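Protein sequences, first through last, are from chains U and W. Convert by adding 283 to the 1-based position in the first sequence; the result is the number in the working numbering. Convert by adding 9 to the 1-based position in the second sequence; the result is the number in the working numbering.
There may be inaccurate statements among the hints.
Short derived list, chain U residues pointing at chain W, Cβ under 8 Å [unchecked claim]:
| id | residue |
| --- | --- |
| 1 | K301 |
| 2 | T304 |
| 3 | W305 |
| 4 | T307 |
| 5 | P334 |
| 6 | R338 |
| 7 | K350 |
No lab work stands behind these hints, which were simulated from the structure alone. Keep in mind it's a predicted model, so treat the numbers as computed, not measured. C-beta: ideal position from N, C-alpha, C; glycine also.
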Amino acid sequence: MADRVELPQGTLETLILKTLTWGTMHGFGIGRWIEQASGDTLTIEEGSLYPALHRMEKRGWIEAEWKQTENNRRGKYYALTAEGRRQLKAQSQSWLTIVRSVGRVLDTSKQPS
Amino acid sequence: MHDPSWRRYLRFWGPDVRSDVDDELAFHVELRVDQLVAQGMDPAAARAEAWRRLGDADTLARTCREIDGDRLTSARRREWLHSTWTELNLAARQLRRYPVLASIAILTLALGLGATTAIFSVLYAVLLRALPYADADRMVRITETMRGSETAVGPGQFTEWLTRTSAFESLGAYLPTTFNLTEGTPERVRAAFATSGLFRARYVKPAFGRYFLPEEDQVGREHVVVLSHGLFVERFAADSRIVGRPIRMNGETYTVVGVAPPEFSIATPGDQLWVPLALTAEHTSTFSDHWLAVYAKRKPGVTDAQAQRDMERVSREIARLHPDDMVDRSARVYDFRDDLVADHRRSLTTLFGAVGFVLLLACVNVTNLLLARATVRRKETAIRTALGATRGTIVRHFLMESIVLAASGAVLAFVVSRLTLRGLVRLAPAEIPGLDRAGEGPATALFLAAVSIAVAVFLGLLPALRGLRTVEPALRMGGRTAGATTTRDWLRSALVVSEVALALALVAAAGLFVRSARKLNTVDLGFVPGGLITARISLASSRYASPEIVQRTYLELGDRIRGLPHVVSASANSGPPLAGWTPSVDIHVEGTTYSPGNEPAARFHIVTPGYFETVRARLAAGRMFSRADGDRAPRVAVINAALARRLWPNESAIGKRIACCAVDPPWREVIGVVGDMRQVLQRDALPELYVPIEQTPSLAWTWFGNSLAFVVRTDGDVADVSREIRAAVTQTDATLPVYDALTYDEVLSVASAPNRFSTVLFSALAGLALVLAAVGLYGVLAFSVAQRGFEMGVRMALGARPLDVVALVTRQGMRLVIRGLVLGLALALAGGRLVASLLYQVAPSDPPAYIAAGALLVVVGALACYLPARRASRVDPVTALRA
């Protein structure tokens with residue numbers, strides 16, 4: 284198993300939004316998907332996942348619905364709203380900008396003049 | 010986690026905040042366990058591991074709930090609204106399956122609610138709406154009283170009141186008059202003399218300029234005028250530069266100092282301008298004549314009772330100074346609002362009560378319809394209950410239906426009330442204050458909403474309780490319903506009985522009004538109104554300075570009018586019957602002294618020769634006036650029969666000598682007695698005194714502002730004659746306006762307006778009630794016949810003839826009608842007393858009205874029975890038994 288890293292503050296929400304572009308999913312599924320998609324380098328703590336989901340639901344980025352699963356359990360499934368889609372676009376944009384800028388700074392070999 | 014599964018059932022009632030979060034986390038744990046077990050972990054260990062990863066589950070749940078917090082309450086509200094909306098939709102869909110029933114119910118409610126709302130908006134505008142004045146609750150009217158009955162106020166008394174009273178912060182006197190406004194086309198305007206204090210007692214901020222200053226109450230300063238807003242707009246193009254400018258009235262110049270706000274009035278609406286009342290020294294020392302109206306404002310904290318005591322004290326003080334003029338006299342304080350609407354309070358509240366009856370009837374009717382359906386749906390309700398629907402759910406379902414009905418009814422009712430209101434305003438007697446404001450503002454809409462909600466609850470509850478009660482028997486009963494259970498539906502029968510009772514009460518009340526209207530139509534007026542017209546002229550300008558000129562001008566005008574085409578005869582009277590104001594004067598009789606306070610009085614008229622012939626009055630004794638009764642001829646008078654009875658009950662009046670009003674000392678000989686003519690349609694004639702125009706005491710002209718009304722007998726072509734009269738008057742003096750031009754048909758129509766108002770409204774309400782009761786009865790019988798098809802089939806199969814079946818059903822229906830009639834009779838007799846004061850010469854227990862009402866209901870009831878009965882008699886026994 285690769286080294287586990289902590290997720291920077293605020294990025295969890297972006298990842299949840301990204302995850303939900305694949306379709307409606309329950310909290311457990313969202314956590315699992317992010318972990319797997321990151322090659323198991325990211326750990327999603329339930330203690331931050333669920334508060335994040337509820338916060339995002341309140342902001343109207345995602346909406347929830349109770350559904351029956353195949354093995355007859357009732358689960359709360361989340362789906363992306365139009366507002367969520369807009370958020371994802373904006374957040375991934377700025378996230379990529381940050382990553383690129385930080386990478387460029389770290390990679391540079393020139394001494395500041 | 011502690012299994013919250015039972016909580017899920019709460020979800021039937023909407024989302025549950027606690028279970029939402031707990032369930033979500035529990036679900037998470039289940040999935041984690043599955044995952045760990047799949048990875049080969051022991052299930053028990055997996056469960057422990059799953060909970061461990063969750064960390065402090067309680068804190069996490071609490072955090073999530075806090076985040077959800079308000080969102081969930083609003084979501085909950087949203088969801089509740091959503092589910093209510095769904096249920097309403099469901100109810101509306103179900104109602105649509107019974108379009109006839111639903112439309113009848115909605116229409117019934119719309120009529121009931123609409124009529125009630127319309128009457129309420131009138132009631133509110135007239136009786137309840139806040140008056141537009143500052144401190145309106147402290148405004149009062151003060152009158153003098155003579156042996157307890159109110160009289161106008163003497164100028165001397167008023168002047169004393171100003172200085173002696175302590176209960177009022179402002180006090181003003183008012184005297185209606187008219188002016189010839191000679192700016193441009195001459196126009197007669199309704200006006201009033203008003204002291205400066207009056208505008209403080211009735212304060213509303215002026216639209217422009219100011220009201221009168223105290224010093225303008227003095228002779229010499231009084232040539233100023235305040236315009237009403239209406240006149241300001243019509244005559245002066247709403248140009249505020251008119252303030253400060255002079256205008257010409259009665260041939261003199263007045264300066265406009267202010268414009269009153271729209272709809273401002275002091276006593277009665279309709280004044281077009283106000284001029285200061287400047288009392289002369291002669292006036293203020295006069296305590297024997299009474300011709301002022303007085304309005305005041307109580308000081309803050311002073312009650313009506315305290316103000317009344319204050320006035321009584323002042324009256325005693327004045328009586329000490331002028332004992333002769335104050336015999337049996339005192340003063341009374343009236344609350345302004347109560348006083349203003351006193352005449353209308355009774356008729357409006359009665360009407361409101363009656364329309365409440367109709368609404369009740371409408372509700373009962375719809376309840377009946379719904380009950381019928383609830384009976385049909387007993388099975389459905391029973392099955393729902395058996396499947397777990399709680400009582401609450403069932404009641405809620407019924408309530409949803411009644412809400413849909415009431416809401417649809419209310420929307421229609423709004424339209425109905427608007428239309429009704431328009432009719433009401435047109436029909437109403439003109440002088441109801443504030444009526445033009447009816448329907449304004451949110452009060453009416455709020456009333457409609459509140460009543461509709463009450464109606465919805467009323468409608469829903471009874472069928473719902475019914476539905477609940479009959480659950481078990483319905484299930485046990487199986488497929489076929491035996492007839493008896495529905496025919497003994499005592500509740501629906503009781504409702505029909507009460508409908509018949511309400512309808513009888515309303516029809517009987519309408520009958521009383523119709524009888525009273527007929528009595529009024531056939532009342533002996535004492536003159537012949539057909540073809541008669543009246544038009545008033547006022548010789549008010551400085552051109553008519555002396556009584557001689559005024560008298561000569563009227564005689565000349567009379568001759569001119571008499572010569573017009575279509576005119577049969579023409580003459581003038583200062584106060585023609587039913588259409589004029591007549592002052593009351595004391596009568597002195599030669600050789601008779603009356604005890605103080607017991608002096609006879611009579612209404613005073615100036616007439617031109619030929620007047621009695623023109624109106625076709627009956628001569629009871631002596632002769633009428635002729636041209637010979639001029640200013641040099643012996644002084645004469647004609648009196649009416651009422652005055653003759655008052656003065657000489659046991660002997661002939663002819664040749665007796667009388668004098669009127671202290672200003673008329675030379676005795677007049679009574680030369681004729683005419684039959685009584687009504688001054689007011691609804692009241693017997695008061696004593697009257699007529700003097701020929703050329704022998705008028707000169708002071709009397711000032712009472713009438715030099716005005717007389719021409720009374721013209723035409724050969725029927727009324728419109729032409731009115732125009733010709735105007736032309737003739739203009740030829741005499743182009744500045745003279747002709748006003749109050751009316752045919753006697755119009756005069757009578759105005760005079761009977763209050764009675765017509767009540768008659769038409771009660772008849773309309775009674776008609777509505779009758780239809781509702783008939784529909785209710787029909788509904789119950791038709792339903793019961795439908796339910797008893799099987800029973801009817803059996804009866805027919807066993808040999809009953811169709812006639813027997815008709816009789817059976819009719820008997821069932823008529824039994825209800827008779828019970829309703831008995832109950833309704835009691836109700837009507839109780840209610841009759843409330844309308845007694847609105848009736849004319851009809852006792853509130855008038856038998857013909859009740860007999861007619863009863864008969865009408867029996868006929869309508871029989872009709873409502875016959876249709877279902879006939880259907881029952883046509884039941885084919887074979888079909889019925891096979892069903």
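Verification of the hints:
Evaluation of the U:K301 hint against chain W yields a violated restraint, the C-beta minimum of about 20 Å exceeding 8 Å. Interface hint status for U:T304: violated, as the beta-carbon distance to the closest one in chain W is roughly 21 Å, over 8 Å. The beta carbon of U:W305 is not positioned within 8 Å of any beta carbon in chain W (closest approach about 17 Å), and the interface hint is therefore violated. The criterion of a C-beta within 8 Å of any C-beta in chain W is not met by U:T307, whose closest approach is roughly 14 Å, and the hint is violated.
With its C-beta approaching chain W no nearer than about 5 Å, U:P334 sits inside the 8 Å limit, and its interface hint holds. For U:R338, the suggested interface contact is upheld, since its CB lies about 5 Å from the closest CB of chain W, less than 8 Å. Interface restraint check: U:K350 against chain W, minimum CB-CB distance 10 Å, threshold 8 Å, status violated.
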